[in-house]
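Undergrad: What follows is the residue order along each chain.
Protein chains: 2
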Amino acid sequence: MTAANVVVREVGLRDGLQMVQRFFPTPAKLAWIAAELAAGVGHIEVCSFVPPKNIPQFADAFEVAEAAVRLPGLQASALVPNLKGAERAIAAGIRELHFVLSASEEHNLRNVRRTTQQSLDEFRAVVALAHGQEKKVAVSGAVATALGCTIAGPVDPGRVMAIARMLVEAGADELSLADTVGYANPAQVRALFERAESELGGTVPIAAHFHDTRGLGLANVYAAVEAGIRIFDASLAGLGGCPYAPGASGNIVTEDLVFLLESMGLRTGIDLGRLVEVRRIVAENLPDEAMYGQIAKAGPPKGFLARAA
Amino acid sequence: MTAANVVVREVGLRDGLQMVQRFFPTPAKLAWIAAELAAGVGHIEVCSFVPPKNIPQFADAFEVAEAAVRLPGLQASALVPNLKGAERAIAAGIRELHFVLSASEEHNLRNVRRTTQQSLDEFRAVVALAHGQEKKVAVSGAVATALGCTIAGPVDPGRVMAIARMLVEAGADELSLADTVGYANPAQVRALFERAESELGGTVPIAAHFHDTRGLGLANVYAAVEAGIRIFDASLAGLGGCPYAPGASGNIVTEDLVFLLESMGLRTGIDLGRLVEVRRIVAENLPDEAMYGQIAKAGPPKGFLARAA
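Top line first, the protein sequences correspond to chains A and B. So the numbering used here is basically just the index in the first sequence, starting at one, shifted up by 286. So the numbering used here is basically just the index in the second sequence, starting at one, shifted up by 286.
Since the hints were made in silico from the structure, they are not lab data. Any given hint could be a false lead.
Said to hold, decoys possible - Just so you have them, the derived chain A footprint on chain B, three or more residues with Cβ under 8 Å:
no., stretch
1, 327 to 340
2, 384 to 393
3, 434 to 444
4, 500 to 508
5, 549 to 557
6, 577 to 590
To be verified - The list that follows gives simulated cross-link-like pairs (lysine to aspartate or glutamate, EDC-like), each with its CA atoms no further than 16 Å apart:
no., chain 1, residue 1, chain 2, residue 2
7, B, 583, B, 563
8, A, 588, B, 442
9, B, 588, A, 563
10, A, 339, A, 352
11, B, 370, B, 407
12, A, 421, A, 382
13, A, 588, B, 392
14, B, 422, B, 373
15, B, 422, B, 382
16, A, 422, A, 382
17, B, 588, A, 392
18, B, 421, B, 459
For each residue, glycine too, the CB sits at the ideal point set by N, CA and C.
Okay, chain A solo, but in the shape it has when bound (with noise of 0.2 Å):
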């Protein structure tokens, strides 16, 4: 098998999940991350440290994580909203630490309760604190509404690259742009993800955070990659949708992603036939839960299993 050469990034335990009223079992969160990883999907964010009281969701954040660091060959990261759950997830032995602050500061303010610039000074803190660990833990910093907010509308993308520019000087080791709430279009993300592969590429990976919220995820995957980045987020059977427009998926789903990508010739290191099996421990535990994807439903092109082995 070939080495992989883009990766596939599993938030559906964090993105996906922080959506779901119904509390996902604990042995079932680590059954699905051990599915996973078995199918090939080497990192993964396994949960968040925001406070248990605004997302009960993951009130067994920290024993998730702990199981997690646990399995050999295993990149797990975790979404921490501030420095105290930075705190919790270093305690819990997460290597990677994932930070989000709104390119809308509306969002923002809406979303952790701050201004843009007092979340970048959070971000500081966390990386003084990641960083300053006996090894070093990294810290990616996130954009989030990088390409359009439901509460401001178009976003400026000179805002986001001055944002983003901001991270990757307070010592972000990745930086990340995401369309959390699927406003963006193919010909936008091309633009926009170009400008950071140009301005911030030479210093730091660059991931790409996409919603299928109005269709365009994997359209704006593809023109990512054009743009040369190979670092996405995905969440199996796209679980999450969106709190503004319901009945509409979430995140892009990481199935179609993975087949996406499979076959313009990059290579994921994941055996979709294996991935595609995870989606029961998904469906077992979220029996009322809507599940997306296509390739689940039409099964790869002929030929194209043999091809990708």
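We have chain A; now place chain B onto it with these hints.
TA: Just chain B now, with coordinates in the frame of chain A:
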């Protein structure tokens, strides 16, 4: 309003309905056509002149065509499988015929019980008839399974181009390349359509026909746009499904296609809000049929409709 610079062609009444068992009443078909025209969809493939014993859904093809061609401002086309179908379409007043043959010999034999060569001969006869009318009738030549085949698997692009060239040399007024079974990926689409534009784009307009069976339909549209394509087929609500993949979607969704194109700054001349309302006619007449499409669920991004107007 800016003049349209990209054509969205509704094929739901043909490619969509041909999969549907329940008869869509003739007045409802005409209401659908009129409503889409009112929303700004200027080109609609209104029916198929296949023998009604093969597809009873098209038993009213003559009546639908006769009424559609009388609608001011509508470019009404029809699918014709053979010379006899072309005669009926022309008698009904249709001024644009769509003829389909498969790049995959196996698919062509199963689909129309002819070799590709025999289909090419039939195409020549259709062109002779159409171009011999007092007022010339246009003929579009479509290459089905141009990006893969459920029976043969991968299809050689060299063979696709050879057949495309034969269609053009035989007098096609337009060339259409179709991913009939939803096998294509964007890199493949871009390569094939760039080659088609380069080798044949100077002689005829080139259209793209994509299915969303495996979720890559709109990514493929973006790739084709990048290759210079400006004519796209789509089906309202993604009507149709795929006979080989139960539960999988069919044609790309017209509403989502319009959103993709408009969001990238292309102009379709279509009012997205009014287009979405037309779904009601489909829903009322096909209560058991799955309806696809993200924009109908999520609505356009904040500020989108104001910018598009």
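Undergrad: All hints are to be evaluated individually against the structure, with a verdict given for each.
TA: Hints, one by one, checked against the model:
no.: 1; hint: 327 to 340; verdict: violated (count 0)
no.: 2; hint: 384 to 393; verdict: violated (count 0)
no.: 3; hint: 434 to 444; verdict: holds (count 7)
no.: 4; hint: 500 to 508; verdict: holds (count 7)
no.: 5; hint: 549 to 557; verdict: holds (count 3)
no.: 6; hint: 577 to 590; verdict: holds (count 10)
no.: 7; hint: 583(B) x 563(B); verdict: holds, 12 Å
no.: 8; hint: 588(A) x 442(B); verdict: holds, 14 Å
no.: 9; hint: 588(B) x 563(A); verdict: violated, 37 Å
no.: 10; hint: 339(A) x 352(A); verdict: violated, 20 Å
no.: 11; hint: 370(B) x 407(B); verdict: holds, 14 Å
no.: 12; hint: 421(A) x 382(A); verdict: holds, 12 Å
no.: 13; hint: 588(A) x 392(B); verdict: holds, 14 Å
no.: 14; hint: 422(B) x 373(B); verdict: holds, 13 Å
no.: 15; hint: 422(B) x 382(B); verdict: holds, 9 Å
no.: 16; hint: 422(A) x 382(A); verdict: holds, 9 Å
no.: 17; hint: 588(B) x 392(A); verdict: holds, 14 Å
no.: 18; hint: 421(B) x 459(B); verdict: holds, 14 Å
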